[in-house]
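Here's the letter readout for the chains.
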Amino acid sequence: MKRRSLLRRAGALPLSGKIGLALVGFWILAAILGPLVAPYPPGAFVSEEVFAGSTSQFWFGSDFLGRDVLSRLLVGARLTMGLSAIAVAIAVALGTGLALTAAVGPRWLDELLSRAMDTLISIPSKIFALVLVAAFGSSVLLLTLIVAITYVPGNFRIARSLAVGLARLDYVEVARARGEGRIHIALVEMLPNMIRPLCADIGLRFVFIVLLLSGLSFLGLGLQPPEADLGALVRENVSGLAEGALAIMAPAVAIASLTVGVNLLIDAATQGNVK
Amino acid sequence: MSGAPAMSRWRGPLRLIVKRIGLAFLTLFLVSLVIFTISGLLPGDAAQEVLGQSATPEQVAALRHEMGLDQPGPVRYARWLQGILVGDPGQSLVANKPVADIIAERLPNTLTLAALAALVSVPLAFLIGIASAVARGRKLDRALNILTLSMVALPEFLVATIAVLVFAVKLLWLPSIALIPKDPTLAEFVRAYAMPVMVLTVGVVAQLARMVRAAIIAELDRPYVEMAQLKGVGRSRLIFRHVLPNAVGPIVNAMALSLSYLFGGAIIVETIFSYPGLASLMVNAVTSRDMPLLQACAMIFCAAYLLLVLIADTVAILANPRLRQG
Chain A
1 MKRRSLLRRA GALPLSGKIG LALVGFWILA AILGPLVAPY PPGAFVSEEV
51 FAGSTSQFWF GSDFLGRDVL SRLLVGARLT MGLSAIAVAI AVALGTGLAL
101 TAAVGPRWLD ELLSRAMDTL ISIPSKIFAL VLVAAFGSSV LLLTLIVAIT
151 YVPGNFRIAR SLAVGLARLD YVEVARARGE GRIHIALVEM LPNMIRPLCA
201 DIGLRFVFIV LLLSGLSFLG LGLQPPEADL GALVRENVSG LAEGALAIMA
251 PAVAIASLTV GVNLLIDAAT QGNVK
Chain B
1 MSGAPAMSRW RGPLRLIVKR IGLAFLTLFL VSLVIFTISG LLPGDAAQEV
51 LGQSATPEQV AALRHEMGLD QPGPVRYARW LQGILVGDPG QSLVANKPVA
101 DIIAERLPNT LTLAALAALV SVPLAFLIGI ASAVARGRKL DRALNILTLS
151 MVALPEFLVA TIAVLVFAVK LLWLPSIALI PKDPTLAEFV RAYAMPVMVL
201 TVGVVAQLAR MVRAAIIAEL DRPYVEMAQL KGVGRSRLIF RHVLPNAVGP
251 IVNAMALSLS YLFGGAIIVE TIFSYPGLAS LMVNAVTSRD MPLLQACAMI
301 FCAAYLLLVL IADTVAILAN PRLRQG
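Protein chains in written order, with UniProt numbering: chain A, 1 to 275; chain B, 1 to 326.
It is worth saying that the hints were derived from the structure and are not from the lab.
Since we're looking at a predicted model, the values are computed, not measured.
Ideal Cβ placement from N, Cα and C applies to all residues, glycine included.
There's no promise every hint is true.
Claimed, not checked - Some but not every residue of chain A turned toward chain B, in silico, with C-beta under 8 Å: (1) L120; (2) A134; (3) I255; (4) V260.
Bound-form chain A, shown alone:
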């Protein structure tokens, strides 16, 4: 039943939404299956020629060391998607968790948390991430935490305004009068009603995180070799720019198709809700 209604909802999306859904679906599949279907090992030197164009043997050509671009792209896509997904999960868990704490907790705690988040939100996100990277370095674990923490304040702000709105509603008052504890009210009464409105925010935050992660890797401050996400693939092939190498265009276009796809999907889905 649920499956069919999901299918029908996908069918009701406008064309831009369908394109977005197709792009997102494609990249999810690529992240799961990519490394299995990659034609060559990502680190193997398989081409005589560097920055070769597209051939039947190497669909996306070869990179600056003569490695297969398609294979590296598929492995890089898994890293970008995987790390971004984990970072979004951490950012939303922290942001929404703190927002619920602020909404049901004592007033001073709400003031304190809101003040702290207002401060963090007035540091531009890329600047904040650079300061964190400089202080703590960029191992895979730290990098994921850094991009997650960078986007906690934004999620907190939206989740808090949702939670404060809910806390004033009658059914929450009733639960409070019934003598339910604060944790019960936050997790059982309020959280389920916040998930749907938070979905669009989660999608947008995923886009920001993919762009930040790729941007950091592009600057050489993100994942370190031999680990290479999509941003790092763009960076390592930058010397092929003058000849317009596929090796630099392919990963850059891959990132864009993922982020544009998510944006189109969210836009189409939220417009459907309004109507």
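Given the structure of chain A, go ahead and fit chain B onto it with the hints provided.
Showing chain B alone in chain A's frame:
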């Protein structure tokens, strides 16, 4: 006298603006606390790092004393903040020059780049935003919606790569590196800045256009618009004389937000085009872990952001006639 009532009419807004200025300073102070705690207190021993593993404990202790690292955290923070306030944020560890000198060299370049990008993108964004608001729901609006939605999500390095490929590699019109000669002619100036400005503009235009559209549409739904239409006001007069003045508040807010996006964009753009600005300087400071330089750059970007927001708030307060009644 007519002066007294006029003054008292502005007392409400003035009080609000003074409050906002105070709040901005408080926020900047808290931001400085966050930045110093993260980059100055939490990481390991800077003295050890400068000297390397082979240094003797005595050498490390001597340098720690010299750098003031043996002082308690709050003392170090106070000293650092005092340095920032008097315009001397310390010595760059890598360049071995005062941080203030390095920044003085770079800051005008970034301001020039940001000003040019703003000059190009604001009119363009208004054009797109107004056009799609007026054509709300029709084909043009939907096409522009998808265009700006996609432009927001493009990574700057893709836009830059495509720009370099088209204008520097294929057409040979522009240089792929933004070298600014001393005393440039107008042609040299335009050639050097064309691509960095173009790339920065893409993201800002898209973001601002979307917010301008939203602000105008929110106004179009208000009853006074229908009233004006029934009165027979023409469409362009309706937009420019009735709707835009009422939408000033949300629009200047949107401008502050999307212009602050310029800082983030500048980090990538300055690096790609080897442009000697503050953002690429900050990236270098991260790579070399030059903390005094990094902290100063971060503070400048945060102060600039807060200033933009403050200006937007002030304009919005002054533009709101309801706050003006004494």
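Structure-based check of each hint:
no.	hint	verdict
1	L120	holds, 7 Å
2	A134	holds, 4 Å
3	I255	holds, 5 Å
4	V260	holds, 5 Å
Of the numbered hints given earlier, the model fails none.
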